[in-house]
Amino acid sequence: MSKLIGFLRYQSGLLKWLFFLWLVFSIIYDFMAIRHEPHFFGDSIIGFWSAFGLLGCLAMGFICKGIYHLWLMQDEDYYDK
Amino acid sequence: MTSNALLMHPATWFILAAVSMPVLKRIHPMLMKLALVLVPALSIFLIYHLPESFGVVNWMGFDLIFGRVDKLTFIFLNVFTIMSLIGGFYSMHVEESGHHTAAFLYVAGSLGVTLCGDYLTLFAFWELMAFASTFLVWYRKRKKSIEAGFRYLLVHTAGGLILLGGIFLRYQNVGVEGLAFEQIARDGVTMADYLIMAGFMLNAAVPPIHAWLPDAYPEATVVGAVFMCAFTTKTAVYVLARAFPGFEILAIMGAVMAIYGVAYAVIENDARRILAYHIVSQVGYMVCGIGIGTAMALNGACAHAYAHILYKALLFMGVGAVLEMTGKSKLNELGGLWRTMPMALIFTVIGGISISGFPLTSGFISKSMIIAGAGEAHHPVLLVMLTLAAVGTFLSVGIKLPYFIWFGKDSGVKGKGAHWNMNVAMFIAAFFCIFLGFGSGTEWLYSMLPFEVNYQPYNSYHLSETFQLLGFTALGFYLMVKKLTPEDHLSLDVDWFYRKGARVFMWVARKPVASVNNWTDNAYRTVGTRLSMALARLFNWFDKAGIDYTIDGSARQVVESGNRLRQVQTGQIQQYIGSAVVAVFVILAAVMLLV
Chain A
188 MSKLIGFLRY QSGLLKWLFF LWLVFSIIYD FMAIRHEPHF FGDSIIGFWS
238 AFGLLGCLAM GFICKGIYHL WLMQDEDYYD K
Chain B
67 MTSNALLMHP ATWFILAAVS MPVLKRIHPM LMKLALVLVP ALSIFLIYHL
117 PESFGVVNWM GFDLIFGRVD KLTFIFLNVF TIMSLIGGFY SMHVEESGHH
167 TAAFLYVAGS LGVTLCGDYL TLFAFWELMA FASTFLVWYR KRKKSIEAGF
217 RYLLVHTAGG LILLGGIFLR YQNVGVEGLA FEQIARDGVT MADYLIMAGF
267 MLNAAVPPIH AWLPDAYPEA TVVGAVFMCA FTTKTAVYVL ARAFPGFEIL
317 AIMGAVMAIY GVAYAVIEND ARRILAYHIV SQVGYMVCGI GIGTAMALNG
367 ACAHAYAHIL YKALLFMGVG AVLEMTGKSK LNELGGLWRT MPMALIFTVI
417 GGISISGFPL TSGFISKSMI IAGAGEAHHP VLLVMLTLAA VGTFLSVGIK
467 LPYFIWFGKD SGVKGKGAHW NMNVAMFIAA FFCIFLGFGS GTEWLYSMLP
517 FEVNYQPYNS YHLSETFQLL GFTALGFYLM VKKLTPEDHL SLDVDWFYRK
567 GARVFMWVAR KPVASVNNWT DNAYRTVGTR LSMALARLFN WFDKAGIDYT
617 IDGSARQVVE SGNRLRQVQT GQIQQYIGSA VVAVFVILAA VMLLV
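Protein sequences, first through last, are from chains A and B. To convert, take the position in the first sequence, counting from 1, and add 187; that gives my numbering. To convert, take the position in the second sequence, counting from 1, and add 66; that gives my numbering.
Since the hints were made in silico from the structure, they are not lab data. This one's a predicted model, so the numbers in the text were calculated from it and none came from an experiment. Fair warning: there could be bad hints in the mix.
[Stated by the list, open to error] DSSO-like, lysine-lysine: derived pairs with alpha carbons at most 30 Å apart: (1) B/K207 / B/K566; (2) B/K480 / A/K203; (3) A/K190 / B/K480; (4) B/K475 / B/K548; (5) B/K566 / A/K268; (6) A/K252 / B/K566; (7) B/K394 / A/K252; (8) B/K482 / A/K190; (9) B/K475 / A/K190; (10) A/K268 / B/K207; (11) B/K577 / B/K566; (12) B/K394 / A/K190; (13) B/K548 / A/K190; (14) B/K396 / A/K252; (15) A/K268 / B/K210; (16) B/K549 / A/K203; (17) B/K475 / A/K203; (18) A/K252 / B/K548; (19) B/K396 / A/K203; (20) B/K475 / A/K252; (21) B/K396 / A/K268; (22) B/K394 / A/K268; (23) A/K190 / B/K396; (24) A/K203 / B/K548; (25) A/K252 / B/K549; (26) B/K577 / A/K268; (27) A/K252 / B/K210; (28) A/K268 / B/K209.
[As the list claims (entries may be wrong)] Negatives, chain A to chain B, calculated, CB over 10 Å: (29) Y197; (30) Q198; (31) G200; (32) L201; (33) W204.
Ideal Cβ placement from N, Cα and C applies to all residues, glycine included.
Please put together the full structure from these sequences, using the hints given.
Here it is, written out as structure tokens:
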């Protein structure tokens, strides 16, 4: 099993391109998807969930890490002091 | 309860096995290990043969109902018993019988709550769960675990008392009928119902009363955490779904929970704490579904509870295997384990893609049901919040967790393959994660849901949405992987209030209260004691010289003659005999002289 994982790691450049290809495919697929009655405005915009996923992920990373560094981060023995 | 009902109640067998664990181990350790899997297997069989109602006992005028089975009960019973089998396999290598006793009593408590039909029985099993699970934390035997266990027990005791307060108030308001554990109508809700809800919400880890969970679970034993991640919060989901469906407060709190949990998971460093925060997040979906209260949302909550128990246990088992084998669970201390622990990696990734809702996994067909339920009930804000939480879930558990444990920088930590029984347990859980994700597995799960299902998860729009969300979240991780590198620090949460608050309380008890106590003690000794002695002497003198003298002095005379009599008694036996002989002689002489 570890050989297979090692092989895939060795091929990481190829996997990266496959991943980008997948991103392109997911947007193209959104053009073809049959839409149900929209629950809110985002449902009718093509590629909305791509932007939501990317921006949501980046925002969450930056905001959470920001609050962490500014406020929540303490030493491991904080409660023992 | 008739003996028949006792035998058919699955909790009976868990309690019996729990108390016999030390004996079984003494006879042969293999017997104990067999019990760990045979009792759960028996319980899986038993739940398929339960009547709708059984074990009704009248006790002091109250009807205690130990068995009430409907579709809502059954789906939770089903997953709880399967989970106990997985937990049984996973804990087979543990030699301490006490650990197994605690785990089985905990499972019994959970099954008892799920099956009961009245609040008194519910409360008894509820407390059994809290009490037994504390030992799963304490058995880790580290100072931090002991402390975390005490905090866990104190918080749950407080929650239990709130629940009990609610039950008593309800009994006072409604009478005996109010003790039946049924759905509570939304109109005419009283303080009693809100107290009960608060007690349930504490166990469901709804912020701000959630901090016990990420505090205690990472400190529990490797096996204990696997049990705990399945039962406490999901039993709370069951009781909320039973009593409070459609309460809007739950819908809002649930969506907040979902985001709150992932936000902490993004910044946390300890792998098991990340997973603990994800319980808060995932239970948020269920609480939200219960709050929305439509048939689809409630079905979604139940389906998600079912799927969640299995994939979350799988994640805890995968990370637990790493902790068991390397002694480490902090991401900054791990990395590069793919060479030595590939099986744990595969299983953890299956858990990770299930929790993230990849197509063909259990998360895809359960989580989407709640989100679709929010959409159909016209709650777009909830829909967006839950979807954002899904992004955070994939970011932190789907990618961050496996990346920093098995890949990332090579930490030099050498792991080795997990015990065979751990791999069996992980395999069963992984099987269910995939099996439930499509085809007959999905149909099987949907057939157990409390309401009829009109939902098709595999439609092109849902697939497209999922492909985009997951793909672009992965892109986001790729772009900011350096920023997300875990740091070896602690993050504050609302347990700050009682952890620091306890210190303030202890300081107040030690310093001001103790010094005031000492001061009053001294003051009493120096002033109070002397004063009361002087007063006693004064009263004594007044009694003798004042009252007795004024009346007739009889008291003084009694005392004086008593004193004289006391002095006459020398304690010498020969003198007593001599006196007696003299007395007899005097009497005889008197008689002879007088007659």
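_Can you confirm whether the C-alpha distance between B/K548 and A/K190 stays at or below 30 Å?_
holds (27 Å)
_Please verify whether B/K566 and A/K268 have alpha carbons no more than 30 Å apart._
Holds, because 10 Å separates the two Cα atoms, which is no more than 30 Å.
*Does the structure keep B/K475 and A/K190 at a Cα separation of 30 Å or less?*
holds (19 Å)
*Holds or violated: are the alpha carbons of B/K396 and A/K203 at most 30 Å from each other?*
With Cα atoms ~28 Å apart, B/K396 and A/K203 stay inside 30 Å; holds.
*Assess, step by step, whether the Cα of B/K577 is no farther than 30 Å from the Cα of A/K268, and give holds or violated.*
holds (18 Å)
*With a cut-off of 30 Å on the C-alpha distance, tell me whether A/K252 and B/K566 pass.*
This hinted pair holds, its Cα atoms lying about 24 Å apart.
*asked:* For B/K207 and B/K566, compute the direct alpha-carbon distance and say whether it is at most 30 Å.
replied: holds (23 Å)
*Distance restraint between A/K252 and B/K549, which requires alpha-carbon spacing of 30 Å or less*: holds (8 Å)
*Has the given pair, B/K394 with A/K268, been kept, meaning a C-alpha gap of at most 30 Å?*
holds (24 Å)
*B/K394 paired with A/K190 [C-alpha distance capped at 30 Å]*: holds (24 Å)
*Nearest-CB test (10 Å) between chain B and A/G200*: holds (13 Å)
*Straight-line Cα separation of A/K190 and B/K396 no greater than 30 Å?*
holds (26 Å)
The structure is consistent with each of the numbered hints, conforming to all of them.
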